[in-house]
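Could you put the whole structure together from the sequences, leaning on the hints where they help?
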Amino acid sequence: AQKVTQAQTEISVVEKEDVTLDCVYETRDTTYYLFWYKQPPSGELVFLIRRNSFDEQNEISGRYSWNFQKSTSSFNFTITASQVVDSAVYFCALSDLQRAGNNRKLIWGLGTSLAVNP
Amino acid sequence: NAGVTQTPKFRILKIGQSMTLQCAQDMNHNYMYWYRQDPGMGLKLIYYSVGAGITDKGEVPNGYNVSRSTTEDFPLRLELAAPSQTSVYFCASTKGGPSYNEQFFGPGTRLTVL
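Chains as they are written, first to last, in my numbering: chain F, 34 to 151; chain B, 4 to 117.
Derived by calculation from the structure, the hints in this document are not laboratory data. Glycine included, each C-beta is placed from N, C-alpha and C at the ideal position. Careful: at least some of the hints might be erroneous.
Claimed, not checked - The list that follows gives simulated cross-link-like pairs (lysine-lysine, PhoX-like), each with its CA atoms no further than 20 Å apart:
1) B:K47 <-> F:K71
2) B:K47 <-> F:K36
3) B:K47 <-> B:K60
Stated by the list, open to error - Pair by pair, the computed Cβ-Cβ distance ranges are:
4) B:A55 <-> F:A114: 40 to 48 Å
5) B:S72 <-> F:A114: 47 to 55 Å
6) B:T23 <-> F:A114: 40 to 48 Å
7) F:T53 <-> B:D76: 34 to 42 Å
8) F:Y97 <-> B:G99: 26 to 34 Å
9) B:T73 <-> F:N100: 37 to 45 Å
10) F:K36 <-> B:D29: 31 to 39 Å
11) F:V79 <-> B:I57: 22 to 30 Å
12) F:V79 <-> B:E62: 18 to 26 Å
13) B:N65 <-> F:N100: 24 to 32 Å
14) F:F80 <-> B:E82: 27 to 35 Å
15) B:T8 <-> F:N85: 25 to 33 Å
16) F:V46 <-> B:D76: 40 to 48 Å
Below you can see the structure in the form of structure tokens.
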């Protein structure tokens, strides 16, 4: 069965620390997509990144970086020099291609709540 | 481009009342979704639609109904509200095509049933 596990329920760091949020997925699809979303305290869901299974290059966007490892079925997210504004819940999601029909559904992890303290 | 809009932002219902949560998108996306998010929890899919006139159940459809008469609109109907339906409701949409694109989310509707 397809599944996304975010084992870290809550993480608390002090500003300027680096922090890594883990995402482990299970799928039998050979082609799949992985996503990260951010939900700040204001509540909206903000798309951060999409990665397809054929692209194993790591991605860096400013202080954010993503490490995609097919061998360990992981798609981890690192924030370098964290800031208070990074405090949010972060969700990892996986494309649900196995199910019948082309419905573009996602399988969501339960999220990791990150608190960055000054 | 307004993206995905939802109304109302907040609502308090009494047990047994009904209401419709509105969702609209102006991106010409075929796929639309309704999620609920309970406090401190992740997203659960209520209903989804792959195009006008086509809807299907998600993980937690009981107590809800949807319709999709146009590409733009995807209202969610709550019949006979119950306290268990107290939640934040998010509408989302995504476009079709050969790859899996990101879902765009509305700002959410915070619903309390007393």
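Each hint tested on the structure:
1. B:K47 <-> F:K71: 16 Å, holds
2. B:K47 <-> F:K36: Measuring from Cα to Cα gives roughly 14 Å; hence the hint holds.
3. B:K47 <-> B:K60: Holds - the C-alpha atoms of B:K60 and B:K47 are around 11 Å apart, at most 20 Å.
4. B:A55 <-> F:A114: 40 to 48 Å: Between B:A55 and F:A114, where Cβ atoms are some 47 Å apart, the hint holds.
5. B:S72 <-> F:A114: 47 to 55 Å: 49 Å, holds
6. B:T23 <-> F:A114: 40 to 48 Å: Because 45 Å falls inside the window, the suggested range holds.
7. F:T53 <-> B:D76: 34 to 42 Å: Once the Cβ atoms are compared, 41 Å apart, the range 34 to 42 Å for B:D76 and F:T53 holds.
8. F:Y97 <-> B:G99: 26 to 34 Å: Since the Cβ atoms of F:Y97 and B:G99 sit about 28 Å apart, the hinted range of 26 to 34 Å holds.
9. B:T73 <-> F:N100: 37 to 45 Å: For B:T73 and F:N100 the Cβ distance comes to about 42 Å; the hint holds.
10. F:K36 <-> B:D29: 31 to 39 Å: 34 Å, holds
11. F:V79 <-> B:I57: 22 to 30 Å: Given range 22 to 30 Å: holds, Cβ gap about 28 Å.
12. F:V79 <-> B:E62: 18 to 26 Å: 23 Å, holds
13. B:N65 <-> F:N100: 24 to 32 Å: 39 Å, violated
14. F:F80 <-> B:E82: 27 to 35 Å: Given about 32 Å between the Cβ atoms, the range holds.
15. B:T8 <-> F:N85: 25 to 33 Å: Holds, at about 29 Å.
16. F:V46 <-> B:D76: 40 to 48 Å: 42 Å, holds
Checked against the numbered hints above, the structure breaks only hint 13 and satisfies the rest.
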